[in-house]
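S.K.: Okay, here's what each chain looks like letter by letter:
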Amino acid sequence: MTPSVKRAIQDIRQNRFLNAVTIITIALSILIVSAFALFFINTNDLMNAWKRGIRIMAYLKPETPQAEIPELKKKIQNMYGVSEARFISKEDALNGLKTHMKRQSSLLDNLRENPLPDTFEILMIASSQSWERVEMLAADIEKLSQVAEVEYGQRWLERFTNIFNLFRLAGYALGALFFMAAIFFVANTIRLVLYSRREEVEIMRLVGAADSFIKMPFYIEGLIQGALGGIIGLAALFVIFLFVSSNVPQDFSTGFFHIRFLPLPVFVAVIFSSMFVGWLGCYLSLKQYLKS
Amino acid sequence: MIDSEDKSAIIRLFHVYRNYGVKHALIDITLDIFNNEFLFISGPSGAGKTTLLKLLYLAEPVSDGQILVDGLNLSRIPRKNIPFLRRKFGIVFQDYKLILTKTVYENVALVLEAAGEKRRLIHKKVKSVLRTVGMEQRLNSLPPSLSGGEQQRVAIARAVIGDPNIILADEPTGSLDVDAADLVMDLLKKFHTRGATVVIATHDKALIHKTGGRVVHLNEGRLQVTPEI
Ligand SMILES: Nc1ncnc2c1ncn2[C@@H]1O[C@H](COP(=O)(O)OP(=O)(O)OP(=O)(O)O)[C@@H](O)[C@H]1O
Ligand SMILES: [Mg+2]
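Chains as they are written, first to last, in my numbering: chain Z, 1 to 292; chain D, 293 to 521.
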């Protein structure tokens, strides 16, 4: 196999410009596709972190007597999946609101009556934080006679999930487009190299070289183009990643959630698919060429 | 070669035609070429000598008729087996067909690489065969930097390196002076005595006279068998 590798490297050196353009095209495709992947992975992490922080707020009916509160608290705490139920009286809630609003808190002073309800803040145990669980639990809590309304930030998270999925779809489409472009570029490069080497190929055939022997260096060339393109693309992504992550506001990335680079399996998969692009581009142009 | 009979034909042509459009390059050629024969195909320019050789290694198909090489019917050889047919031949092309971007060494080594030989063996054989043709000093030269005669010698080295059964040489002394031509003919004779069948296409009557062997004469695509010289 060594002569094939040698010939492939010779080819790349002799057609430096063509190969550079091809490798850059592959690198750009890989950069864009893996940037999307990186974005999805981190957004997914972020959404999971948010979900982990989900709490269900149960607003009690105003006529609920104070005496029933401890009983209710026990009931809620015994529900499946609940880790903690914290009672917030309407007075506490109002005070909280006042400290939160600071300067405008005088507006609240004029209230004749506290408009806020008593509330239970319910945290869930980590293992039962699928959406269905949250929904089921919320429904159960809502069925309690003292509970007027349940809220769990469902709507905006759901909407966000939808947007996220739409984004992901766009990412797939764009990725497919770029991969097609990369395949096209590789195929074209190999076609041009083949064309510039047609006499050599003809001579090789005349002295008894099989098609597989003639093809091998081109495949190796395609694989090298793919691997180099993949590595360069990922390296560029990493540089961009370092830049972006050092500029992300601290409070955004602390807590449950840390921005991270592509995990190793994805990294490896990207390199392999990049090499596949090189191989496929090669396959397409060789198939066409050696038929003649 | 399993066949030990001296006069067995290794190449047989039956009523072979080759047309290029309306032009008839070869017309009704029937010819046996025998095992370990030293055969000249003579004829003026345009007679069809190169065309005849091309049909043997399937560079081109016959328009009509049949050719057997080593018992194989060429019209029945599947595409993927053509390389194996070609490895039976060592071919010195009229225009050398050296790869201009590869060194002398690489050009000659190519035959063995394509046949899947080991690197060490290739190295040994290439050096030895280049020594035989007197080109061992030019291993790393590119063909364009060689004289016509030197290129021809490299072409001969490439033709014989695979120990072929049959050597086809198309004007192998075409661009050589008398001394260099003698050297090349001596070389081909040497491979002949080692058991190869040698077929030489040439229009050089003096060369044929000097060398000796069976001669078949081509004229305007037709074969005229002449007695041995
Ligand atoms: N590919 C081709 N297309 C059309 N005509 C061809 C082709 N190849 C050969 N011919 C014609 O066939 C005839 C025989 O050509 P060929 O090359 O076999 O001659 P030759 O005997 O080898 O001549 P020379 O001694 O000049 O090499 C010529 O008239 C040539 O013009
Ligand atoms: Mg000729």
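Mixed in with the good hints there might be a few duds.
Every beta carbon over 10 Å from chain D, so not counted as near; a handful from chain Z, in silico [what the hints assert, rightly or not]:
{"hint": "1", "residue": "Met79"}
{"hint": "2", "residue": "Ile203"}
{"hint": "3", "residue": "Val207"}
With a cut-off of at most 16 Å between alpha-carbon atoms, the simulated EDC-like pairs for lysine to aspartate or glutamate come out as follows [to be verified]:
{"hint": "4", "chain 1": "D", "residue 1": "Lys394", "chain 2": "Z", "residue 2": "Asp109"}
{"hint": "5", "chain 1": "D", "residue 1": "Lys389", "chain 2": "Z", "residue 2": "Glu200"}
{"hint": "6", "chain 1": "Z", "residue 1": "Lys215", "chain 2": "D", "residue 2": "Glu352"}
{"hint": "7", "chain 1": "Z", "residue 1": "Lys98", "chain 2": "Z", "residue 2": "Glu84"}
{"hint": "8", "chain 1": "D", "residue 1": "Lys394", "chain 2": "D", "residue 2": "Glu442"}
{"hint": "9", "chain 1": "D", "residue 1": "Lys394", "chain 2": "Z", "residue 2": "Glu149"}
{"hint": "10", "chain 1": "D", "residue 1": "Lys372", "chain 2": "Z", "residue 2": "Glu142"}
{"hint": "11", "chain 1": "D", "residue 1": "Lys315", "chain 2": "D", "residue 2": "Glu329"}
{"hint": "12", "chain 1": "Z", "residue 1": "Lys61", "chain 2": "Z", "residue 2": "Glu142"}
{"hint": "13", "chain 1": "D", "residue 1": "Lys389", "chain 2": "Z", "residue 2": "Glu199"}
{"hint": "14", "chain 1": "D", "residue 1": "Lys410", "chain 2": "D", "residue 2": "Glu398"}
{"hint": "15", "chain 1": "D", "residue 1": "Lys419", "chain 2": "D", "residue 2": "Glu398"}
{"hint": "16", "chain 1": "D", "residue 1": "Lys389", "chain 2": "Z", "residue 2": "Glu84"}
{"hint": "17", "chain 1": "D", "residue 1": "Lys380", "chain 2": "D", "residue 2": "Asp362"}
{"hint": "18", "chain 1": "D", "residue 1": "Lys481", "chain 2": "D", "residue 2": "Asp387"}
{"hint": "19", "chain 1": "Z", "residue 1": "Lys90", "chain 2": "Z", "residue 2": "Glu135"}
{"hint": "20", "chain 1": "D", "residue 1": "Lys394", "chain 2": "Z", "residue 2": "Asp211"}
{"hint": "21", "chain 1": "D", "residue 1": "Lys380", "chain 2": "D", "residue 2": "Asp455"}
{"hint": "22", "chain 1": "D", "residue 1": "Lys419", "chain 2": "D", "residue 2": "Asp387"}
{"hint": "23", "chain 1": "Z", "residue 1": "Lys6", "chain 2": "D", "residue 2": "Glu405"}
{"hint": "24", "chain 1": "D", "residue 1": "Lys417", "chain 2": "D", "residue 2": "Asp455"}
{"hint": "25", "chain 1": "Z", "residue 1": "Lys73", "chain 2": "Z", "residue 2": "Asp45"}
{"hint": "26", "chain 1": "D", "residue 1": "Lys417", "chain 2": "D", "residue 2": "Glu405"}
{"hint": "27", "chain 1": "Z", "residue 1": "Lys291", "chain 2": "Z", "residue 2": "Glu202"}
{"hint": "28", "chain 1": "Z", "residue 1": "Lys6", "chain 2": "D", "residue 2": "Glu398"}
{"hint": "29", "chain 1": "Z", "residue 1": "Lys74", "chain 2": "Z", "residue 2": "Glu63"}
{"hint": "30", "chain 1": "Z", "residue 1": "Lys61", "chain 2": "Z", "residue 2": "Glu84"}
{"hint": "31", "chain 1": "Z", "residue 1": "Lys73", "chain 2": "Z", "residue 2": "Glu121"}
{"hint": "32", "chain 1": "Z", "residue 1": "Lys61", "chain 2": "Z", "residue 2": "Glu149"}
{"hint": "33", "chain 1": "Z", "residue 1": "Lys98", "chain 2": "Z", "residue 2": "Asp109"}
These aren't lab readings, by the way, just hints derived from the structure by calculation.
Idealized CB from N, CA, C, for every residue including glycine.
S.K.: Taking the earlier hints as the rules, which of them does this structure contradict?
M.R.: 2, 3, 4, 6, 7, 9, 10, 11, 16, 18, 19, 20, 22, 25, 29 and 30
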